[in-house]
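Asks: Model the full structure from these sequences, guided by the hints.
First to last, the sequence lines map onto chains Y and H. Just so we're aligned: the first sequence equals residues 1 to 276 in the numbering used here. Just so we're aligned: the second sequence equals residues 277 to 658 in the numbering used here.
Everything labelled a hint here was simulated from the structure, so no lab data went into it. Owing to the predicted nature of the structure, the values given are computational and were not obtained by experimental measurement. Just to be clear, a hint being listed does not mean it is correct.
Unchecked claim - Covered, in the sense of this in silico footprint (three residues per stretch, anywhere, with C-beta under 8 angstroms from a C-beta of chain H), are these stretches of chain Y:
1. 32 to 38
2. 103 to 116
To be verified - So the derived list for chain H, only partly shown, Cβ under 8 angstroms to chain Y, looks like this:
3. P536
4. L539
5. L541
6. E545
7. G546
8. L552
9. D553
10. R591
11. G595
12. A596
Just so it is clear, CB atoms sit at the ideal spot from N, CA and C, and this is done for glycine as well.
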Amino acid sequence: MTARPASLRAEGVGYEVHGRTLLDGADLTAHPGETVGLVGPNGSGKTTFLRCVYGTLRPTAGRVLLDGRDAAALGVKERARRVAVVAQDAGSAFGLTVRETVAMGRSPHKRFWEQDGPGDARRVARALERVGAEALADRRLDELSGGERQRVLVARALVQDPGLLALDEPTNHLDVRHQLEILGLVRRLGTTNLVVLHDLNLAAAHCDRLYVLGAGRVVASGPPGEVLTEELLAEVYGVRARVAVHPATGVPNVVYLPPPSPSRRPGPDAQEVRIR
Amino acid sequence: MRGARGPAGTRAPAGTRAPAGLRGPAGTCAPAGPRAPAAPRRTAGARTPAVLAVLVAALVVTAVAGLALGPVRVPPRDVLGVVLGGERAGPLAAVVWDLRMPRVLLGAVVGAGLAVAGTVLQALVRNPLADPFLLGASSGASAGAVVVVVLGVGAGAAAAVALPSAAFAGSMCALVVVWAAARRGGTMTAGRLVLAGVAVQYVLSAFTGLVLVLSADAEHARTIMFWTLGSLGGARWDELALPAVVLVVGTLLLTALARPLDLLLAGEEGAHTLGLDTHRFRAAVFVLASLVTGVLVAFSGAIGFVGLMVPHAARAVVGAGHRRLLPVAALGGAVFLLLADLVARTAAAPREVPVGIVTALAGGPFFLWLLRRSSRTEGIAG
Chain Y
1 MTARPASLRA EGVGYEVHGR TLLDGADLTA HPGETVGLVG PNGSGKTTFL
51 RCVYGTLRPT AGRVLLDGRD AAALGVKERA RRVAVVAQDA GSAFGLTVRE
101 TVAMGRSPHK RFWEQDGPGD ARRVARALER VGAEALADRR LDELSGGERQ
151 RVLVARALVQ DPGLLALDEP TNHLDVRHQL EILGLVRRLG TTNLVVLHDL
201 NLAAAHCDRL YVLGAGRVVA SGPPGEVLTE ELLAEVYGVR ARVAVHPATG
251 VPNVVYLPPP SPSRRPGPDA QEVRIR
Chain H
277 MRGARGPAGT RAPAGTRAPA GLRGPAGTCA PAGPRAPAAP RRTAGARTPA
327 VLAVLVAALV VTAVAGLALG PVRVPPRDVL GVVLGGERAG PLAAVVWDLR
377 MPRVLLGAVV GAGLAVAGTV LQALVRNPLA DPFLLGASSG ASAGAVVVVV
427 LGVGAGAAAA VALPSAAFAG SMCALVVVWA AARRGGTMTA GRLVLAGVAV
477 QYVLSAFTGL VLVLSADAEH ARTIMFWTLG SLGGARWDEL ALPAVVLVVG
527 TLLLTALARP LDLLLAGEEG AHTLGLDTHR FRAAVFVLAS LVTGVLVAFS
577 GAIGFVGLMV PHAARAVVGA GHRRLLPVAA LGGAVFLLLA DLVARTAAAP
627 REVPVGIVTA LAGGPFFLWL LRRSSRTEGI AG
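Replies: Here it is as structure tokens:
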């Protein structure tokens with residue numbers, strides 16, 4: 001069902017608008033089948049970078065290579081066959097049903113006037129099953145809860161048959177359980193995934209490698225255990241934190257410390273108790 | 277379904293696993309018998325042929341009523357005799373065939389066209405408050421047409437081309453101005469859209485009135501009413517071909533573009549990532565919607581609210597997918613405008629009310645209701 005996972009390579013990608021540099025020579029590589037996380041503070045260029053990858057923004061410097069081909073040379077449709085997107089705001093969509101919404105994902109494989117055939121209907125049904133949303137098929141998208149809607153949008157991305165899946169904070173507005181479900185699902189899809197995440201612990205647990213952006217530049221990259229250090233968090237986010245490999249999960253776990261404040265008694269050890 | 281979830285929890289009860297089974301309006305699963313073989317689905321898609329059949333029947337009935345009623349009442353049997361039996365002689369035939377038939381046909385064409393234009397404009401701006409009239413397209417068409425009328429560009433064949441062309445140009449300009457004014461930084465809020473539309477509509481209506489008053493037209497009050505409120509009273513057999521052709525071609529083209537129209541509902545970025553060249557496609561739909569609106573307004577004046585209400589009703593019945601929605605909206609628009617014209621002709625007989633007043637009386641309150649509802653659910657005033 002799914003196309004071969006794609007390889008992604010961004011070389012010196014920059015984006016400037018109105019004289020402001022949002023992205024400054026970012027390099028990134030995602031190998032086929034890898035899940036790569038993009039983290040960083042607000043305004044560090046994560047979403048801009050993602051948009052340059054999926055093509056709603058055209059980089060003003062550098063280039064994006066998909067399976068070795070320059071993405072700028074791909075047409076809108078051709079790119080949509082290779083890259084599927086789960087964006088943050090999907091809109092209410094006027095009461096389209098879940099099935100209709102997911103079927104939209106077949107569009108890059110169709111001529112404008114072409115109708116969906118039985119093969120497309122099967123793909124839609126299978127994708128809905130894969131995200132555990134087959135019971136929602138005839139519901140209206142705008143009636144669903146945030147978690148249900150997010151799964152439907154993943155299903156839509158699936159029927160696009162992409163090699164690369166780009167997700168912009170897919171866990172936003174979801175409760176803990178749904179956050180874990182969505183990320184677990186994405187990992188099992190077999191696509192190459194590029195995920196923007198706010199939550200560093202989720203990123204550490206679900207990504208093979210992380211890229212940390214700060215002020216439009218890649219400031220660190222590598223496996224979560226190497227990247228997420230107390231020094232880096234202090235430098236990039238300006239927060240005090242403790243990072244330790246959690247015994248239960250084996251992945252790095254970040255605990256934030258309150259900023260030192262003069263009104264409270266300085267007692268770092270007292271605060272450290274709360275880590276456990 | 278909301279609370280209890282998880283991979284298994286989302287599934288319908290055993291037996292309805294494949295296509296989800298019968299579903300009530302609240303989206304609840306009807307209990308299906310064990311291994312119920314392919315439970316019939318009562319989805320919007322399956323309902324469409326029946327809806328179309330009902331609308332065609334309604335269209336026939338309203339058309340016959342439109343031919344039968346008026347200052348001279350013609351029994352329906354005689355109406356059918358004239359229309360189907362081909363009796364073209366005699367006073368009854370003159371009333372039915374020469375006077376009322378063109379009017380009924382124009383009403384159906386204009387109603388259908390405005391509903392189609394409204395449907396695609398709503399998709400284009402992703403907003404249920406759009407309609408050719410509210411977005412200024414109809415007023416723009418009137419303004420363009422009036423300029424041609426007052427300048428007296430040619431006569432006969434030249435005027436037959438100039439008038440609709442000018443209306444098309446006017447409608448297009450108005451839409452572009454509203455679009456540009458409502459858009460800021462890549463986003464367009466409903467509030468800005470409606471305000472820009474109303475402003476443009478006022479300016480263009482005022483312009484239309486001014487041009488007519490300044491011209492030597494002795495009857496300018498009547499003509500102003502025609503162009504700003506609309507009327508089907510001027511329908512003539514020899515002027516029906518162009519609006520009919522534009523309606524049919526426009527509707528067929530737009531229905532063929534149902535897939536990309538659906539994609540627009542996913543939002544600008546969504547449509548783009550699903551493989552749609554949004555800029556080019558949107559420009560194409562703008563031109564088509566202006567063409568349909570402009571040509572129709574050139575023959576009927578600016579009739580409001582048809583393009584607002586009908587798409588809504590149609591969406592409520594067959595859902596938002598454009599392949600089903602557009603034909604249903606077209607037929608529904610035809611029926612609606614024929615009914616409105618019937619009221620316009622008979623309610624205050626022997627006087628005739630401009631049909632735009634009837635549609636506005638129905639459409640204004642509807643618009644307010646919609647505005648309240650949308651602002652509750654979507655924060656539309658933003």
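Asks: Each hint should be assessed against the structure and marked as holding or not.
Replies: Structure-based check of all given hints:
1. 32 to 38: It is violated, with 0 qualifying residues against the three required.
2. 103 to 116: holds (count 9)
3. P536: This hint holds: P536/H lies near chain Y, its Cβ roughly 5 angstroms from the closest one there, short of 8 angstroms.
4. L539: holds, 6 angstroms
5. L541: holds, 5 angstroms
6. E545: holds, 5 angstroms
7. G546: Result: holds, 6 angstroms to nearest chain Y Cβ.
8. L552: holds, 7 angstroms
9. D553: Because about 5 angstroms separates D553/H from the closest Cβ in chain Y, which is inside the 8 angstroms limit, the hint holds.
10. R591: Holds. Min distance 6 angstroms.
11. G595: OK, holds: G595/H within 8 angstroms of chain Y, min 6 angstroms.
12. A596: Nearest chain Y Cβ about 4 angstroms off; hint holds.
Hint violations for this structure: number 1 only, all remaining hints satisfied.
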